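Protein chains: 2
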Amino acid sequence: MHFADALTQRSQNTAPICVGLDPNLSKLPDGITKDAAGVLSFSKGIIDAVKDIAVCVKPQMAYYEVLGWEGMKVFWESCAYAKEQGLLVIADGKRNDIGSTCDAYADAYLHEHSPIDALTVSPYLGSDGIKPFMERCAKNEKGIFVLVKTSNPSSGELQDLPCGDEVVHEHMAQLVESWATEHLGSASGFSCIGAVVGATYPEELTYLRTLMPHVPILIPGYGAQGGEAEDVRPGFVPNGTGAIVNSSRGIIFASSGNDWQEAASKAAHEMAEVITGLF
Amino acid sequence: MHFADALTQRSQNTAPICVGLDPNLSKLPDGITKDAAGVLSFSKGIIDAVKDIAVCVKPQMAYYEVLGWEGMKVFWESCAYAKEQGLLVIADGKRNDIGSTCDAYADAYLHEHSPIDALTVSPYLGSDGIKPFMERCAKNEKGIFVLVKTSNPSSGELQDLPCGDEVVHEHMAQLVESWATEHLGSASGFSCIGAVVGATYPEELTYLRTLMPHVPILIPGYGAQGGEAEDVRPGFVPNGTGAIVNSSRGIIFASSGNDWQEAASKAAHEMAEVITGLF
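For the record, the sequence lines run as chains A and B. All residue numbers for the first sequence refer to the working numbering, where the first residue is 152 and numbers rise by one. All residue numbers for the second sequence refer to the working numbering, where the first residue is 152 and numbers rise by one.
Pulled out of the complex, with its shape left as it was, chain A reads as follows (with noise of 0.2 Å):
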């Protein structure tokens, strides 16, 4: 199924959020051992705990990577489990080259058995480091989600520079929808070609929506970064769909007791709820 019909279809069974999977080493719960094997225990018992009600889950590769090969075994892993579990699955690797290196990266995440369904990708090489991940999207059912206004205090020093009446993260999404539009899904409208946009900036998302109509945008920043439910609203269409909003320490270190699992399970409703009550 074309990726953002297989998004909006879960988003409607379940809710529109994401479940970062951050899997911090010094964070960890208390009897998680802090190595990849506990990496993998912890990443498989979050996945466990969301798996009803969230659409995907996001493994931030980072965390994977720092801890070298054996972590790269465990994010695979990882993967795998929450595909297995009917999750989707965001690999947050912002990836980004150019030419034949990024057919590598488009082939390493995004190849047809990938357990990836989609990954996050960085714009800044322009649409040669964009071109070679739609071909796999297109291709192999798969999506990305390109960085256009993302969440972090810092983000305006380059995303906000004014150029012309616009500035640079309006003119990205005009780049993302204009690439957006030849990869329709059938049944949602939306693109396989997705966006990234902070809940910290309300009033940046509420613009980039009606500049972006037929891109899904994935929402990070909820809850611990300071992001709240009104917040988000807007990245979504009036029917609710078109979004979906990202939370990871909120959810995954909601207790760092033995009661960890739970206590996700139970964040992660609370969160569903308010979000699905916008609509």
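Honestly, the hints are just simulated from the structure, not real lab data. These numbers come from a predicted model, not from an experiment. There may be inaccurate statements among the hints.
Pairs count within a copy or across copies, as identical chains cannot be separated in the list.
[Stated by the list, open to error] Computed cross-link-like contacts, DSSO-like style, restricted to lysine-lysine with a CA-CA straight-line distance of at most 30 Å:
1. K234 / K178
2. K224 / K185
3. K178 / K282
4. K290 / K417
5. K282 / K417
Keeping the supplied structure of chain A fixed, place chain B upon it in accordance with the hints.
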């Protein structure tokens, strides 16, 4: 030793050239198996062939990542081997993230005992995506190269956008220079915070050299991508320091036959002669 001092010292003892390790399976020479073991053999073989003439090797992470965790295992083994042979190692990963996730990338690649000396990073996120790397650079004598003006045809879509009296890549260059001046090497006068500027845009390289007087410039795009010796000259300061010119395919795939190591060595020596002949 401070990264820029090490880079400058070694470039004066050899030649200011970097050999890109892009072990694209489809291009590996005859007799090399098309798997992770083959990629390790090939990487080591190229390292042996160029270790007496290059300043550094630049393993392109995508070609290792595409082989899954086995690929990451040989990536780390290749980096360690290059380090043992006396080469500096620039991991070309174009990593980027914010906050504690950026800390994880920085710890992954630039930790105290890492065989990697420097990492390429993408700047779309602003200084939140750079400062965690800078902290490790200062603490662990490592370096980064920030994408400023890349060598690919579409780099201008974002990087050349006019903003006020300048364009995006000029603004980015000024940011990089402002970060760089905090971390200068006492011997070379250059910073451990470097920039990537493509050989395919010599006019921009000329101007960017003046905008970033303390920034070592990694210049890709020489050779197979079309950049020539005269194009890279403006990246250097008059005494021939301040830049490193990278070639990948032109060296590592100089022959697809059994003489691939000799051919790579010959191509690297020829390139070194051309580049050192500029000064």
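Against the structure, the hints come out as follows:
Taking CA atoms no more than 30 Å apart as the test, K234 paired with K178 passes inside one copy only; the shortest distance there is 25 Å, against 33 Å between copies. For the identical chains of this complex, K224 and K185 are neighbours both inside a copy (16 Å) and across copies (20 Å), given an alpha-carbon limit of 30 Å. For the identical chains of this complex, K178 and K282 are inter-copy neighbours only, at 22 Å across copies versus 37 Å inside a copy, given an alpha-carbon limit of 30 Å. In this assembly of identical chains, K290 and K417 lie within 30 Å of each other by CA distance neither inside one copy nor across copies; the values are 38 Å within and 41 Å between.
Taking the closest pair of Cα atoms, K282 and K417 never come within 30 Å of each other, the shortest separation being 40 Å inside a single copy and 35 Å across copies.
Checked against the numbered hints above, the structure violates hints 4 and 5; every other hint is satisfied.
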